[in-house]
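Novice: Since chain C is already given, all that's left is putting chain U on it; use the hints.
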Amino acid sequence: MSAVSTWVSETLVRDPTERRIFAVLGLITVLLVVGVLTGVIGPRFLLFQIALVGMYALLSLGLNVQWGYAGLINFSVAAFWGIGAYCAALLTAPNSPLGLGLHPVFGFLAAIVVSAFIAVLIGIPTLRLREDYLAIASLGLAEVIRAIILNERQWTAGSSGISGIPNLMSWLPLTDAATTAAIVVVLIAVVYLFLRRVHRSPWGRVLRTIRSDEDLAKALGKNTYQFKMQAFVIGSVIMAVAGAFYAHLNLYIDPSDLVPLTTFYIWIAVILGGTGSNRGAVVGAAVVIAIREGTRFLNDIGFIQTLGIDLAPLRLLFVGGLIILIMRFRQDGLLPPKDELIWPAARDESSTGGASPSGAVPDGGTASNGGDDR
Amino acid sequence: MIPLQISPFQYVANGVVFSSIIVLAAIGLSLVYSIADFANFAHGDLMTVGAFSALFSVGFLRPMLGDAGVFGLPLWFFLALAFGMGAAAVISVITDRVIYQPVKGSDSIGLLISSIGVALVYRALVFLSFGTEAERYGVPRQGPIPWVRETLGIAVTPRNLVVVALTIVLVTALHLTLTRTTLGRKMRATADNADLARVSGIRTSEVIFAMWLIGGALAAAGGVFLGLEELVRPRMGFDILLIVFAAVILGGIGSVYGAMLGGLVIGMVHELVPLFYQWGISPVGSRYAAAVAFVIMVAILLVRPSGIAGDSG
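Protein chains in written order, with my numbering: chain C, 430 to 803; chain U, 70 to 382.
No lab work stands behind these hints: they were computed from the structure.
Wrong hints could be hidden among the right ones.
Claimed, not checked - Calculated from the model, a selection of chain C residues having no Cβ within reach of chain U, i.e. all distances over 10 angstroms:
hint: 1; residue: 446
hint: 2; residue: 456
hint: 3; residue: 679
hint: 4; residue: 690
hint: 5; residue: 722
What the hints assert, rightly or not - Listed next, the stretches of chain U that the computed footprint assigns to chain C, with coverage defined by at least 3 CB atoms under 8 angstroms from CB atoms of chain C:
hint: 6; stretch: 314-327
hint: 7; stretch: 349-363
C-beta atoms are modelled at their ideal positions from N, C-alpha and C, and glycine is treated no differently.
Bound conformation, chain C alone (with noise of 0.2 angstroms):
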């Protein structure tokens, strides 16, 4: 037990703002909890939840790689998203428009294909320009493949969507909803533990390079565009399969929610996480959701409902308000990389060579490595 409050303390959080965020965390975590026992959250409905906080933290992990690591404005998550739930849904629903029926493996595979396939596509024009053309591009990839979705009827089934997606893995002897959850926390874990191993590997570093100075990057005889290249795929291939979970998730799928709101949500839970910083993704992508059903919520009482405002654009407030206000106040977000880069064997070192006491890590050996990121 000791040994897991010291792992926490050491390898999750590290100063006293992130104790405090921490604390936090847990608290809800205890209230939910009992929540659930003394019944006044259905299992069901939490377990829901937590599949969509999963999904919104594969969302922001795939947008950090891109944003985060390499500094690419990716404004089409949710067409890369979309282009994952319509791949599943096309071929595992029996009654969509191509009535195929397959297996959801090949769901997650065409997700997998034809993302990368698109973000190559959208990534040879703009990734060797200035970092704005990406972004002004992919708000027009995003537009244009909400486009053919709604306007295609005969493959897409238009804005009627398609229903009847099949469950993950309901061989498995627990309730669907208790699988769908299991299954976002083992793609997160694979995720993190994926990026994180990449993020400290040369190609992380190069990237955190082009990041921070690309002239420099290229000074050093990298190739930045290629790498740039790789982020972007890898980035969007990961809100692709996010997508392919959500169908499966929610049975359901139309375009309604490839609308650009949902990329901001997105964006928020990134910059509101720490730009850079795996950890911040999967926190931010949690405070998103709780901003997202708590104001569905909101709507659900009676007494909102009679004074007659709509919600909607209250959240459109809320959203851009909070874009606003990270970018002005706290760009660093509520769980910055610190020293995400260092290996923790060479973070042991220097904090047993320095003069810290308490195994804090000293702010300046790892500043150099990782405070790049203002």
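Specialist: Showing chain U alone in chain C's frame:
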């Protein structure tokens, strides 16, 4: 569908009107891009704000002025246009002071992301003040001008002509400002090299102030014209933003004259898509008009990222 065969000139006429709107929006976006050095994603929603401000002023201007009119449009419409332009100019200056200036310490990317937040806030405020429904200015319906219809076989309404004429007036005024006045020379110098301009004694903060005023007013004019030709919708500006960006990129980012040219071309292409579809040149119809503008933009990025008039990529 209209059973009549539509004359190709009709599409060109529509293209000229739509181009006017895009040109007005593209100039403002290009000014911000060249002087404040960031892609302003709130520009489309600034058009919406201008259009709705004009709509708001119609509420009190119309009872005051009655339906007396000039050039086939009621007088109150012209005053509402001026009101909308003024309101958007003031709002964009305030936005710069309150939101963009404080994040100035960061780079153009920080401003770009902030502008997304600004866009959402603008739209939310429009939703909250005017509701989610599409509105009209209530300008009386007009038939096409008879003699144009007889000679050329195309339908052009007086309001089409007013939109195009006012756009020409505004663009000419901007051209004269940029080339003949001290302010214009300062603006061009700042756009060219902000540091050098500052060293030469130009107060760049004044230039930025003027830039937001002009950009906001022109965006509002574009928004009001769009609302006049189609409907005044809370999403109108954001929906058109991509086309405006395509125009700016086609013209060459930061070049005001390039933006005018790009706006003309993109606006025309946007309206000619159904004609190209009829002729078999374009594989898609008008539902994908915006997608065609996007494809053109990507093609330009591939072939000549600096645009028609830009100097460097």
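Novice: The structure should be examined with respect to each hint, and the outcome stated for every one.
Specialist: Now the hints, each set against the structure:
{"no.": "1", "hint": "446", "in the structure": "21 angstroms, holds"}
{"no.": "2", "hint": "456", "in the structure": "29 angstroms, holds"}
{"no.": "3", "hint": "679", "in the structure": "25 angstroms, holds"}
{"no.": "4", "hint": "690", "in the structure": "8 angstroms, violated"}
{"no.": "5", "hint": "722", "in the structure": "19 angstroms, holds"}
{"no.": "6", "hint": "314-327", "in the structure": "holds (count 3)"}
{"no.": "7", "hint": "349-363", "in the structure": "holds (count 5)"}
Of the hints listed earlier, the one the structure fails to meet is number 4.
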